[in-house]
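Student: The lines below spell out each chain.
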Amino acid sequence: MNSLADHIVSGYDSDLNDLTTSLSDLGSLAEGMVADAIRALNRRDNALARSVIERDDLANSLQTKIDNDAMRILALRNPMATDLRRTIGAIRVANDLERIGDLAEGIAKRAINLNHQSPIDLTRGVERMGRQVKAQLSAALDAFLRDDTKAAVQIWMADNDIDEIYNAILRELLIYMVADPDMINASTALLFAAKNLERIGDLTSNVCEVIYFTRHGVQLIEDDAVKTMMRKPNTKKSS
Amino acid sequence: MTTQDHTEASNAHSLRESDIVILSVFAIIAIAAMAIMARTPLLVGIATLAGFWIATLIFIRLSRVLRSSRTDQPIDPDAFLSGARFAATLTDALPQAIAVLDREGRVIHANPLARSLIEIDTLGRPLSVYVRDSDISDRLATALAGYTPDPLMVHREVPTESYISLLFSAVTPADDGSGRMIVLVVMNDVTELVLGNQRRADFLANASHELKTPLASMLGYIETLRGHAKDDPDARERFLGIMGQQAERMQRLIQDLLSLRRIEQEEHIAPTETADLDLSVRAAIESVAPLAEARGITIIYKKKKRAIVPGHQDETIQLCLNLIENATKLSPAGATVHITLSRFEQWDPTIPFADGRLSKTAKARNINPVQTSPLPVYTITISDSGPGFSREHLPRIGERFYRVAGDLSSKEKGTGLGLAIVKHIARRHRAGLYVRSEPNKGTEFCIVYQESPTD
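Protein chains in written order, with the UniProt record's numbering: chain A, 1 to 239; chain B, 1 to 455.
Just so you know, nobody snuck in bad clues.
Which bits of chain A does chain B cover? Going by a derived footprint, with three or more residues having C-beta under 8 Å, they are:
#, segment
1, 27-41
2, 130-140
3, 144-158
Treat the hints as calculated values from the structure; they're not laboratory data. Beta carbons are placed, not taken as given, at the ideal position from N, Cα and C, and that holds for glycine.
Kindly generate the complete structure, drawing on both the sequences and the hints.
Tutor: Okay, here's the thing in structure tokens:
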């Protein structure tokens, strides 16, 4: 357990801390929007879906606030090294989180649309995918706030799983649509919801890339673990 | 870390600044003296300029002092606690997770329970780094304004799903003298309370749904035995046999549901005891031996002595048992099941299936991600040569009651809970779980455990 070294100018520290706090707030807002959008889809809850749509304005204003704060830090404090990368990273993550909020809003709109139609079995598959995406997002936000680059690499690599689930859902939905043309409306709405979830997964990997870059100053794709995974399984084994 | 470099650079900078002030004062005195003595207009001009220069420096200094007294200086944790060390020691002894925040929401003290509950590793960072909720700043402001905010429930998903309730209350420490407020945060793990009800409902729904089918079939046979099969001894024997099987299946199902529920309940608490993986694998192989013998299946185990990991011994046995039993049931008669226990010095993502037997192109899925750790890891790889399954099933493996259609004859059909139990045990033990499969080639599971730190 060590305490953090402060900057000599205490205003600088409190600026950086405020930035972290705002990002944490925006993160939890985006997380909540994703979770509630999926719940609204699953429970056919129009009120919940509408509350997700309303929260999007708050997400936008938080993003603007973070942008302004970060720009003020850049202009007034001339941050160096990690502080510079952290400030730039804050702008990028805020942007990604705001996009995640938009996508969650999109899912909520589809949910309202779906609720006008008869229930469809495949909602469960999308919900399961949603839970996984939400878990990935939460893990990425935790890693971001704690500067945990190892976790970031793990989450980044797990995005493949999300793509796999998306493909499985896509196949299932296509079979559904072919079998019963009445289902095309509902299936398309679900397809869009699944697509949005897949995009949220991509934005989550963006966040992981920012975490890595902030800490090490090189791109995540350059990481040894990522390279080894891409290249060849290793066989070095200890005794 | 870079923040420290920064501090040093700024320190050097402020030293240079004060040097300049002192040198300038000397210089101006010298110049003024010379100007008075020589009465040269040029020197008088230089002296005036130097005077302005000093005045500017002093003004900058003063404004900085004024500004810093206006904004709240962060409380230096050490300086603060030297006065309140006694109180801090008291919170350390309390059986309750407690953190102390400054006005800005930064954690300046956390007792050991709080540190382990929300994994605080560095003091001086905002509380929202460790627990995320958009209402935290609200509650903090309410507490600082002198009101008692409502408790806040925070939902966390890493490492396992948990709920923590936070209570905020602000105080002004008497011996600090600065009149600055601090905020006490009392934290409680309420996961069991929140999830308990939901899990009870799930349990009932699962149990009644799964018991319905065997019960209906038993009722059917009872009906037949009462009716036209009453006096047919052959049919009676056969029907009683089927009914016995069904009853056994129901019993197995209830056992599995109960153990799943028990593991789920403790999932958010990491195990404190240690287990020996080698022992677990051997115990599991022993239990499967009769089944393997009946089906003519050879189990080859490449072992590693003394693999001590954090975990519950009985649960690691059940984990291995479920996987090995599955492999034994799924392999065609006369086939071989390979089990390998290995140790790796350092975790990296290529480790799962390093001992695998399927081709490298087989699509793998990580069911539980590995918790990153600098410790060495152990892996158990279990390979069967059964029918395997195609990739669309991959995302759903480990889901409760999910069965890959037609994978087993109805006689051998499991409860559909075996892998769900494996998943939950791995999750509780903070172990990684991987699966991959190739149709007609076989399926492989890999479990990754961190080595026990005490070992």
